[in-house]
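Model the full structure from these sequences, guided by the hints.
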Amino acid sequence: MPAPFSTHHDWYTSTLSSLSSPDGISPVHLYSYKHVMDGFSAVLSQTHLNQLEKLPGHVSTFPESYGHLHTTHTPQFLGLNAYSGLWPAGKFGDDIIIGVLDSGIWPESESFNDRNMPPVPQRWQGMCETGTEFNTSHCNKKLIGARKFSQGMKQYRLNISNTNDYDSPRDFLGHGTHTSSTAAGSRVQNANYFGYAEGTATGMAPSARLAMYKVGFYSKDIRVIDVVATDVLAGMDQAIEDGVDIMSLSLGFKETPFFKNPIAIGAFAALKKGIFVTCSAGNSGPHGYTMFNGAPWLTTVGAGTVDRELGARVTLGDGDITVTGISMYPENLFISRIPLYFGHGNRRKELCDWNSLDSKDVAGKFVFCDYDNESSVFRSEDIYGTDIAGAIFSSDDGEFQKPAEFYLPFVTVNTKDGDLIKTYILNTTNATVSVRFGITTLGTKPAPKVAYFSSRGPDRRSPWILKPDILAPGYLILAAWVPNRGFAPIRDHDYLLTDYALVSGTSMSCPHTAGVAALLKATHRDWSSAAIRSAMMTTADVTDNANGRIIDMTTAVAGTPLDFGAGHLNPNKAMDPGLVYDIEVEDYINYLCALNYTSQQIQIITGTSNFSCKYASLDLNYPSFIVILNKTNSTTSTFRRVLLNVADTASIYNAVVEAPRA
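Numbering (my numbering), first residue to last: 1 to 662.
None of these hints come from the bench; they were simulated from the model. Some hints could be false.
Lysine to any residue pairs mimicking SDA-like chemistry, simulated, CA-CA at most 25 Å apart [claimed, not checked]:
| no. | residue 1 | residue 2 |
| --- | --- | --- |
| 1 | 573 | 645 |
| 2 | 254 | 64 |
| 3 | 631 | 610 |
| 4 | 154 | 91 |
| 5 | 34 | 573 |
| 6 | 91 | 600 |
| 7 | 34 | 2 |
| 8 | 272 | 619 |
| 9 | 273 | 50 |
| 10 | 154 | 260 |
| 11 | 272 | 8 |
| 12 | 154 | 50 |
| 13 | 272 | 50 |
| 14 | 141 | 241 |
| 15 | 34 | 10 |
Label-pair distances were calculated between CB atoms; the ranges are [what the hints assert, rightly or not]:
| no. | residue 1 | residue 2 | range |
| --- | --- | --- | --- |
| 16 | 89 | 486 | 39 to 45 Å |
| 17 | 114 | 45 | 45 to 51 Å |
| 18 | 82 | 322 | 33 to 39 Å |
| 19 | 274 | 57 | 39 to 45 Å |
| 20 | 28 | 636 | 51 to 57 Å |
Virtual Cβ for every residue (Gly too), placed ideally from N, Cα, C.
Given below as structure tokens:
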């Protein structure tokens, strides 16, 4: 920084004002960054950019980029309980501050009540911003900070006056409210989604504090929540300044080299401050090389199912045959002895191709659909002209075998039960069916499974590091929602409101990991971010509750580490891992050197030019190993690891290697 300036911000704004503007359009300053980089963001013309790049002190410039946002039972599924293990050891996350970068928060949700919480930690430097339908009174001893960052989005594509989103930390669509309550929501009894999944909702670290950094805004043009790099970097920069302990980002940008990735850059700055950063792996599965957030200083989380099924009970005729199928239809209905139709003999009708069904045949009836991959029944708009009462789908397809939004009462059964229903219809005159919705079944096996949408490794930018790191619950997770926006579709395109919603995505698995990281940090104050990740990975489960290897939901066959990383998160075991693989900042720099990044590119990521690439190495001290092989070449790979004993006493450890199946 030149001598005349007292702050970097003054230097940046002075530099911008010095740029000539022959077209009469002046540069617009957006943010000055203090921690994630020594730099700023601004709206520049090409003329401005050409001038700026010639000035002393200029290192690099990148164009704006944009990305997208990617629990009554899950604490119990993860083994957390109030009397033993990580919950009481970590005092339920007491005094730990989790910063969530997301779409905002609905502060009135009961999940953010602060009953019996002690005063806000004195070290906290954050604040509660005012804005549209949000003021300082909305923060409390649970939600201790809330800010919004929209300057980049406003310049890029967002017109707040032309959208329903709030120009404040308030959540518009529910995503940020859901992730925040998953990480650190307070206990709420009798939470449910229209009777499904009823129980006591609680975050992973219910005594931890929350700070929301709203970086995601609803874009009316494409009807999704968008984020842009300038805002995300500003949110991460402020979270570091405010003093968060954990950072949770359920969002991602198009995969680029780390020196162009805003999350990778911001997370490295957080790493240097001892802040644990966890990110969603993305929802682009089930194919390989679909990872987001692959930087090795991030903890990247895939999504798994839990041992809970939501559905409906289907009873045929007088009750001789009863099966349970999958459904999330939100009305608490009991449909009794309604006629049951099956278009036997016409394959298009059997598939429930609505264009082939005669309205006179199906009106007022439940329709049985023998689904296969040729059928487009599931989201067909033509269904609304048929006047059917509801539908039963028969399928073993991994993606189809899930509850989903549907405007009519519907159930999905597996093909075995579907054959029973089909046989009953074909052998019964005036076949009827009764359906009871709102059924929740716990303890189902096998679980977890790798969710069909969860992005798979390896990471294209860094295939020498196994990603994702870990699997956590991310399928049909019940957590807080915004209560003023329709969520559950019913007939005639009406939507029901709900305080708690069941949502799937790696966006949901990420805050589970953030909450567990808060518990571990509260238990082991001296552990680094790498040590916390190591503890999670080395104690993760690779078997399910049926004692088999975790399977892929899509294929129903055993998954691989490219699907689930080190395995499924096991919080209580992570509390006492015995050994950890620790990593220093210099180790990450050596890894970046081995990626053949230039000194300038490494400086962009690390924020320093004071480093040497003398010890460049791709063999990072990571708690996993990966070798990419093909069918024709043989290779020998050598890995070197240094382990740190974090047990209470001196211990002897034996290494056992189990070769993967060919």
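Here's how the hints hold up against the structure:
1. 573 / 645: holds, 15 Å
2. 254 / 64: holds, 12 Å
3. 631 / 610: violated, 43 Å
4. 154 / 91: violated, 41 Å
5. 34 / 573: violated, 38 Å
6. 91 / 600: violated, 44 Å
7. 34 / 2: Distance of about 16 Å is within 25 Å: holds.
8. 272 / 619: This hinted pair holds, its Cα atoms lying about 21 Å apart.
9. 273 / 50: Roughly 34 Å between the alpha carbons, so the hint for residue 273 and residue 50 is violated.
10. 154 / 260: With a Cα-Cα distance of about 21 Å, the restraint between residue 154 and residue 260 holds, given a limit of 25 Å.
11. 272 / 8: holds, 20 Å
12. 154 / 50: Holds - the C-alpha atoms of residue 50 and residue 154 are around 24 Å apart, at most 25 Å.
13. 272 / 50: Between residue 272 and residue 50 the Cα gap is close to 33 Å, so the pair fails against 25 Å, i.e. violated.
14. 141 / 241: Status holds; Cα separation ~19 Å.
15. 34 / 10: holds, 12 Å
16. 89 / 486: 39 to 45 Å: This hint holds: roughly 42 Å between Cβ atoms.
17. 114 / 45: 45 to 51 Å: Between residue 114 and residue 45, where Cβ atoms are some 48 Å apart, the hint holds.
18. 82 / 322: 33 to 39 Å: Holds, since residue 82 and residue 322 (Cβ atoms, about 37 Å apart) stay within the stated range.
19. 274 / 57: 39 to 45 Å: violated, 29 Å
20. 28 / 636: 51 to 57 Å: At 56 Å between Cβs, range holds.
Hint check: violations occur at hints 3, 4, 5, 6, 9, 13 and 19; the rest are consistent with the structure.
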